[in-house]
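Residue numbers (UniProt numbering), protein chains in the order written: chain A, 1 to 362; chain B, 1 to 362.
Any given hint could be a false lead.
Which copy? The list can't say, so a pair holds if one copy fits it or any two copies do.
Capping the alpha-carbon separation at 25 Å, the derived lysine-lysine pairs in DSS-like fashion look like this [as the list claims (entries may be wrong)]:
hint : residue 1 : residue 2
1    : K261      : K195
2    : K343      : K6
3    : K85       : K163
4    : K6        : K195
5    : K315      : K286
6    : K73       : K163
7    : K220      : K352
8    : K50       : K199
9    : K243      : K73
Derived by calculation from the structure, the hints in this document are not laboratory data.
Keep in mind that this is a model prediction, so the values were computed, not measured.
Number of protein chains: 2
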Amino acid sequence: MRSLDKEDIENLAVGAAILGTGGGGDPYLGKLTAIQALDEGYEINVVDVKEVPDDALVIPSAGMGSPTVIVEKIPKGTEIINAFKTLSEYLGREVYATMPIEAGGLNSTFPLAVGAKMGIPIVDADGMGRAFPELQMTTFHINGVTVTPMALADERDNTVLLKTCDNYWAEWIARDITIRFGGTAWIALYPMTGKELKKAAIPGTMGLAEKLGAAVRETKESKGNPIDAVLDVSNGFELFKGKIVDVVRRTTGGFARGEIKIEGIDEYKGQNLLVHFQNENLVAIKDGEVIASVPDLITLLDLETAMPITTEAVKYGYRCFVIGIPCSEMWRTEKGLEVAGPKYFGYDVEYKPIEEIMGGMQ
Amino acid sequence: MRSLDKEDIENLAVGAAILGTGGGGDPYLGKLTAIQALDEGYEINVVDVKEVPDDALVIPSAGMGSPTVIVEKIPKGTEIINAFKTLSEYLGREVYATMPIEAGGLNSTFPLAVGAKMGIPIVDADGMGRAFPELQMTTFHINGVTVTPMALADERDNTVLLKTCDNYWAEWIARDITIRFGGTAWIALYPMTGKELKKAAIPGTMGLAEKLGAAVRETKESKGNPIDAVLDVSNGFELFKGKIVDVVRRTTGGFARGEIKIEGIDEYKGQNLLVHFQNENLVAIKDGEVIASVPDLITLLDLETAMPITTEAVKYGYRCFVIGIPCSEMWRTEKGLEVAGPKYFGYDVEYKPIEEIMGGMQ
């Protein structure tokens, strides 16, 4: 068990947004709720997966919906607590800890405030090792943990307790409730035992995010190259460097969807990169050729600040690095690719690990 | 307390479909589930409103969605029990009785099977004295009873427990869940005490429906005029007699909507009647003049059989009587008309009680 201070939270929010691969929400908004909890005198305690007893109950917590809406409809902070309480009361058992379901500027930090206010620790783990747009796109799902019973809440104190026949139905119904809530919902879901957690979660995602955030900050302070530091900590690859010349964006079906066009600069001059997104960046196509795709991570970093650019904030004129980071091996299995490979998202693309694509290019 | 036999159920289903004013579902399908419960050895017991103790818990049960979908997707019978159990377990109190929320071929009879299988009586009352398309269109709502906590279930055993900030939000979110369920949901809602029931419910709707159904059957058997018998029992008015020459129908937003065009025959020859519906018949316009509107009841009866024609079954070629029946006085208050008057449904029509319109025509 370790406690997080403000600097840890700032690092976590930035690093998680890098792993959020365009989604998972804005790191600035994310850190606010957690820092506010500290300011109110709450403690934020983090435990490792192996510290969680096998029979303990863990309930992840998160925001759901389009990040383009969340930035305009900032939560009161009580919504997610409301969802968490609704589910834990329904289960009627003592809850040992909460945790994130994904890595992202918001969804890595929201559970911190939940844990703080409920007086329970946050498990250093998640169910994606990145961000994904749909509820069943988790390593929990791949390993047989069910999304429901799940609770959803909004800022009007509307709450829903959902039990579905499978995880796809959970996504299908919860997504619509999210839309009727006005585009965002606050959720508690995937209740699981410590034993299930150890099998199904990706351990250490929060620690990795903190390291990534710290690397960016420290290298900037020492006038070093933060992009190199990020690539080093994440085992990532530089994919492109350029200026954003067009963003097509539509909020449909409760998601932020669109394409980002980037024109190369410096050594990439004359080349073009197209990035497709659905909340998260999904596929990067350089001059007609796929150079990275889900489930591997594609992240845009601001050329000057090295801060991650999320899909709801991306706009014309930004100069950015585009980097690719290998996903968890759990995503590279047959089941993993079926759940979150490029074909699931409608792309006629055979997934190739980014290391292979980049190795072949050198 | 009295028990219903098969004949009572047949009468109830037909009479309730007359009060269902085009909605509330098909009486044939409705009676099947109740008669099946009798065949399985269950008892169906009905209590009067005044028999219910003030502190007893009553939970109404119903089907929700488009009747055009229900007739093609016939329920297994376990869905509504599932919804009922979900809500009663959540409330954690003994349930004294169930009851219908509206009068209709399906929604008056589904609660019979629920009561039978749960071993509790059904209260002879409802919350509309007719059928209406939306959840907040009840005398419960007018009298301050809340729709939620409410449970919804489908045939895949998906269940939702909903708590909303008001009754309009309950309709808004439940309607969408119904759509995602595939067009129909099975619901338990408006949990209330005996004391609330006595203030907010319309008493005797089931008994009235049984009388109407019996009147149709008995007059047909004695070669009398069943239409006159219906008008007599219901204090209703003959509005029109004609042949259906066109039906425009669309299933949108989870509702069956459309218009029915009827060409006059016999003494109505040369005249035309247009009936607008949204699950239920809402407005009847004769040669451009409104002759009946919500919240008063507008019902089509088959010219030969005197059986009510529901909006999902209405089609070209039927010859029918159109009758109008005065609604409960609770609907004629300012609050009642605000909730279910013609203006709520988007018609620029000032509501006039059908007795006034008909009186003025004589």
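Hint check:
no., hint, in the structure
1, K261 - K195, "neither (44 Å within a copy, 65 Å between copies)"
2, K343 - K6, "neither (40 Å within a copy, 56 Å between copies)"
3, K85 - K163, "both (16 Å within a copy, 13 Å between copies)"
4, K6 - K195, "neither (31 Å within a copy, 54 Å between copies)"
5, K315 - K286, "within (19 Å within a copy, 58 Å between copies)"
6, K73 - K163, "between (27 Å within a copy, 21 Å between copies)"
7, K220 - K352, "neither (33 Å within a copy, 75 Å between copies)"
8, K50 - K199, "within (11 Å within a copy, 58 Å between copies)"
9, K243 - K73, "neither (29 Å within a copy, 54 Å between copies)"
Of the numbered hints given earlier, the model fails hints 1, 2, 4, 7, 9; all others are met.
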